[in-house]
Amino acid sequence: MSDLTRDQLTHLAQLAHVNLTEEELDRMSGEVSKILDSVAKVQEVDTKHVMPTSHPIALTNVYRDDVVGPVLSQHEALTGAPEVEAGQFKVPAILHAEGDR
Amino acid sequence: MSPAEMIRLTALEMAEHLRAGTFTSVELTRAHFERINQVDGTADEGVHAFLHLNQDEALAVAAEVDAIRTAGGPEADELHPLAGVPIAIKDNIVTIGQPTTAASKILEGWMPPYDATVVRTIRAAKLPILGKTNLDEFAMGSTTEYSAYGVTRNPWDLNRAPGGSGGGSAAAVGAFMAPLALGSDTGGSIREPAAFTGTVGTKPTYGSVSRYGLIAMASSLDQIGPVTRTTADAAALHELIAGHDPKDSTSLHTQWNTLLEATTDQDLSGVRIGVLEEFQGPGFSAEIWEKFQETLDLLRDAGAEVTTVDCPHIPYALHAYYLIVPSEVSSNLARFDGIRYGNRVVPDGGGTVAEVMAATRAAGFGDEAKRRIMLGTFALSAGYVDAYYGTAQRVRTLVIQDLKHAFEHVDVLISPTTPTVAVKLGDQLEEPLSMYLNDVVTIPANLAGIPAISIPGGTAEHDMPVGLHIQGPAKSDATVYRVASAIEALIEAEQGKPFYDRAPEVPQVQGARS
Amino acid sequence: MTATTTLTFADAVAHFEPVLGFEIHVELNTATKMFSQAPNAFGDEPNTNVTEVDLGMPGVLPVVNRTAVESAIKLGLALNCTIAPRSEFARKHYFYPDLPKNFQTSQYEQAIAHDGWVDVELDDGTVFRVEIERAHLEEDAGKLTHMGESGRIHSASYALVDYNRAGVPLIEVVSKPISGAGDRAPELAKVYVQTIREIVRALGISDARMERGNLRCDANVSLMPKDATQFGTRTETKNVNSLRAIGYAVDYEIRRQAAVLSAGDPVVQQTRHWQEDTRTTTPGRTKSDADDYRYFPEPDLVPIEVDQAWLDRLAAQLPELPVERRRRLKTEWGLSDAVFRDMVNADALDVVEQTITAGASPGAASKWWMGEIARLAHAADVAVTELGITPHHVVELETLTTAGTINDRLARQVLGHVADGEGSPAEVVEARSLAVVSDDAALTAAIDTAIASNPDVVAKVQAGKTQAIGALIGPVMQATGGKADAGRVRQLLAEKLGLQA
Chain U
1 MSDLTRDQLT
11 HLAQLAHVNL
21 TEEELDRMSG
31 EVSKILDSVA
41 KVQEVDTKHV
51 MPTSHPIALT
61 NVYRDDVVGP
71 VLSQHEALTG
81 APEVEAGQFK
91 VPAILHAEGD
101 R
Chain Y
1 MSPAEMIRLT
11 ALEMAEHLRA
21 GTFTSVELTR
31 AHFERINQVD
41 GTADEGVHAF
51 LHLNQDEALA
61 VAAEVDAIRT
71 AGGPEADELH
81 PLAGVPIAIK
91 DNIVTIGQPT
101 TAASKILEGW
111 MPPYDATVVR
121 TIRAAKLPIL
131 GKTNLDEFAM
141 GSTTEYSAYG
151 VTRNPWDLNR
161 APGGSGGGSA
171 AAVGAFMAPL
181 ALGSDTGGSI
191 REPAAFTGTV
201 GTKPTYGSVS
211 RYGLIAMASS
221 LDQIGPVTRT
231 TADAAALHEL
241 IAGHDPKDST
251 SLHTQWNTLL
261 EATTDQDLSG
271 VRIGVLEEFQ
281 GPGFSAEIWE
291 KFQETLDLLR
301 DAGAEVTTVD
311 CPHIPYALHA
321 YYLIVPSEVS
331 SNLARFDGIR
341 YGNRVVPDGG
351 GTVAEVMAAT
361 RAAGFGDEAK
371 RRIMLGTFAL
381 SAGYVDAYYG
391 TAQRVRTLVI
401 QDLKHAFEHV
411 DVLISPTTPT
421 VAVKLGDQLE
431 EPLSMYLNDV
441 VTIPANLAGI
451 PAISIPGGTA
461 EHDMPVGLHI
471 QGPAKSDATV
481 YRVASAIEAL
491 IEAEQGKPFY
501 DRAPEVPQVQ
511 GARS
Chain D
1 MTATTTLTFA
11 DAVAHFEPVL
21 GFEIHVELNT
31 ATKMFSQAPN
41 AFGDEPNTNV
51 TEVDLGMPGV
61 LPVVNRTAVE
71 SAIKLGLALN
81 CTIAPRSEFA
91 RKHYFYPDLP
101 KNFQTSQYEQ
111 AIAHDGWVDV
121 ELDDGTVFRV
131 EIERAHLEED
141 AGKLTHMGES
151 GRIHSASYAL
161 VDYNRAGVPL
171 IEVVSKPISG
181 AGDRAPELAK
191 VYVQTIREIV
201 RALGISDARM
211 ERGNLRCDAN
221 VSLMPKDATQ
231 FGTRTETKNV
241 NSLRAIGYAV
251 DYEIRRQAAV
261 LSAGDPVVQQ
271 TRHWQEDTRT
281 TTPGRTKSDA
291 DDYRYFPEPD
301 LVPIEVDQAW
311 LDRLAAQLPE
321 LPVERRRRLK
331 TEWGLSDAVF
341 RDMVNADALD
351 VVEQTITAGA
361 SPGAASKWWM
371 GEIARLAHAA
381 DVAVTELGIT
391 PHHVVELETL
401 TTAGTINDRL
411 ARQVLGHVAD
421 GEGSPAEVVE
431 ARSLAVVSDD
441 AALTAAIDTA
451 IASNPDVVAK
461 VQAGKTQAIG
471 ALIGPVMQAT
481 GGKADAGRVR
491 QLLAEKLGLQ
501 A
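Residue numbers (full-length UniProt numbering), protein chains in the order written: chain U, 1 to 101; chain Y, 1 to 514; chain D, 1 to 501.
These are computed hints drawn from the structure, not numbers from a lab. Check before you lean on any hint, since a few could be wrong.
[To be verified] Capping the alpha-carbon separation at 27 Å, the derived lysine-lysine pairs in DSSO-like fashion look like this: (1) D/Lys-238 to U/Lys-90; (2) U/Lys-34 to Y/Lys-424; (3) D/Lys-92 to U/Lys-48; (4) D/Lys-92 to U/Lys-90; (5) D/Lys-143 to U/Lys-90; (6) Y/Lys-404 to U/Lys-41; (7) Y/Lys-105 to U/Lys-90; (8) U/Lys-34 to U/Lys-48; (9) D/Lys-176 to D/Lys-238; (10) D/Lys-496 to D/Lys-460.
Since we're looking at a predicted model, the values are computed, not measured.
Can you build the whole structure from these sequences, using the hints too?
Here it is in structure tokens:
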């Protein structure tokens, strides 16, 4: 039931923006399926009437006053970036050039 | 005092000597760099605990502390008690002036423009920062073998893993390359390496120490904590780094100023110590189990009440953990896309931004990161999220309730920290699932946000150290330190010397490190 | 690309009932961002209003801006919503270079405000109630600039990212499906967005300048055959960024979808883009199961809990809302529906109110602002408030007119000069010597001349045709450059000619 097919893994890799090689797809669909088989044991527990916990120590209403604080300089902001231009982060085109598909 | 003698002191003893003027912080800091030079080596030989050394800055801070002490007056009086005692920092904690990589290729050479809150605290207290320590990539692993920059070796046996993910910090402290280190613990990353290297490591109550600047693995479980050779040192470092941080919305307002004091009370009479029914017997190696029974006898003899308690959902904690963690991992690691920082990989012939992101992430992440991203993406995806992530978070609720009930009857729960002693390098590399089982004891504390410590509990198979795991209810960190310190004293009294003095000498490396 | 077929609007709405839905993103005017202390400012150098948090750097954590939460609660109250006693943030995952963490921190299962309504008043006074599904808090993304010959995404060779806008607080207001507007759907769409804009401005929580993207509207349109009960497939037209365009976009989508359906084809569920130049929409991404946002509760933020005390405190801070204020002012001022509506449409309520407060009567304030000033504004293609004429100017003008210092004709002239920046009405009258000539001696000469030059008119008047006296007033006014008080001239003429005053 928890078996993850190669196609499913391909889809997940697309969602997660990680290219997986053919070898990785073969190997990881097995590995991830095996882990899923194991962790799916949580489903043996009757949790119908149980609320989920997303924070181990429950807090509420933690806010910050709307007061400006220090910012990074443009240099600090850009210093770790692979490519910059005109004070901005340079990235490849969003879409393939037309007719380049 | 010789450099070799200095480095074998506890951090609190070093601090005493600095105040007394027996030696200076520069001498102490140099002694540690000398030791690092002798035993740390490289990815190919030696312990390889450090990914980056911060010698110039560390010595400058040490000199500053010495100058303040020499000058005397109010500034000297106001120095933090640990001022001048060197510290190592796990490389998933962000530091200005030193690369921060989380042991991942995707962040190779990244120089952060900001400091983690704990790093600011350490700088303010003037502890010289020796450098950044190795870990499993993004703290995902139990052996430090998933580091993109080579393994760290266990100082007790260089053929064995130091545990993970914080193998670097534990090995550095265990091999006397640092008296203090910071780790981070999401499912045992401080405590399991502590157990494997014969050191002490605490996972504080969630929210005790600010997470700001800790590169997130699983945000609802991550906690920074101390890595040391004694319980008192851990308590002292914990006090330094704990406290409310307005930059971390999950940070608590609780006061944490009685932790060190708690380690001076070593009376165990009447202390109610629980042993989990679910952790009895099978699962632990024969010698570890035997050692643990001996420890229980020591505790009974010291007047503690040892009882068995029942937490029926604990067996499911591991499964819930390995759904919650990958889910949060898949989200937390999404930002590594080669646009704002880190390396970028462009596919042959170029590509769109999405293609470049996918190529960058494929090249930048190791196998374990990819596995967890896939698993987490699956667990959160439409149609599966309730059955996987949702069920796991509901099981988490049941685990928390179980522990709460248990703590109505006992003050702390104790068990061995790990099922086995440190594994040989390479043994678990191909078997992610068996690696996950290393964390079976340590995980519930992260799910529940409660404090837990691992202290040396003797040795077992192959004369390798074993850990003793002590956990208490949320915010009972002082109690955990008190009980841990008392047990530590019992074991030391029985052996006639501190546990860390039983470590074999670490072989020196051939060439000096550059 | 082939031209898209459309039906005429009349044909379309004769056969189909449009169903609308809106998602309006309101950028808040807080001092800082939603989750960081970086300034929330427009127009600065790129990547200068950012902290490590806004760049999604490794290790950073968000902290919620209290003012943004309170703004959302206020808007929720103004939209008659239920304020959730407990709500939380969630992560919405998708990869895009303007999104620093590759997830947007938003609200998912429980929005801070839900199930409300707002009354929308159409141009003819018809009131339409739009139901609000939810209003939730989230963060804005950065700004992408597509670099290439045309500056458009399709032909760009690369892009640049500025994260100054990343993390700016947003409230997304989602309406429930709106049906029953029929042929008034485009107008309703425009007025609905206008109403939301008015409310957020009145609350002071957003500058709501659509041209700056402070308020952005996605319009959902679907059609169903008349008498059908099931909604049709909808399209979502993104980022329609002016009030005028919203009406046009809805109008276009109704006509386009009607043509598709009439041809027996199905409407494709998709995102469409508004094209201002051609006033059409063009197809964007088709919705598919690739949209899997993998929401889960944000572990780095804790839930928002709103208790009654907090709610009461914020409710007490709410200003009078625009629709209530309009109802009140209309009654107080006693103006006709038509005049009042013109005033609303000209965005002149505030100045008129200020003018009345400063001492003018409602009639006078309305007469000047909606008369000569509106004419000047129209000629200059600006708003009435942008001419440099203040409520105090209008009060001064009215005082001068009532006192007889100037007449209406002169007053209009004076307004022109005030708009030209020549000073207050009194200063203009003074500087240009525009006061009515009220000195009888100065008028006598002109009157004598007029009498002497027009013997035939004088004869008519003296023969009893007293209304002919008007023909003598004209030459006198002309001779005095229009500055004479016409009433006084008539009086003096009558005296000279021996008529009874």
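Here is what the structure says about each hint:
Restraint check for D/Lys-238 and U/Lys-90: the C-alpha separation of about 25 Å stays at or below 27 Å, so the hint holds. For the proposed pair U/Lys-34 and Y/Lys-424, the alpha carbon gap of about 23 Å is at most 27 Å, so the pair holds. Taken as a hint, the D/Lys-92 and U/Lys-48 pair is honoured in the structure, with Cα atoms around 26 Å apart against an allowance of 27 Å. Using a Cα cut-off of 27 Å, the hinted pair D/Lys-92 and U/Lys-90 holds, with the two alpha carbons roughly 24 Å apart.
For a cut-off of 27 Å, the pair hint linking D/Lys-143 to U/Lys-90 stands: about 12 Å separates their Cα positions. Taking the CA atoms of Y/Lys-404 and U/Lys-41, the gap is near 23 Å; set against the 27 Å cutoff, the hint holds. Distance restraint check for Y/Lys-105 and U/Lys-90: the Cα-Cα separation of roughly 21 Å lies within the 27 Å cut-off, and the hinted pair is therefore satisfied. Of the pairs offered as hints, the one joining U/Lys-34 and U/Lys-48 holds, with about 26 Å between alpha carbons and a cut-off of 27 Å not exceeded.
Among the hinted pairs, D/Lys-176 with D/Lys-238 is consistent with the structure: their alpha-carbon atoms are about 17 Å apart, no more than 27 Å. Distance check on the hinted pair: D/Lys-496 and D/Lys-460 sit about 15 Å apart at the alpha-carbon level, within 27 Å; holds.
The structure agrees with every numbered hint stated previously.
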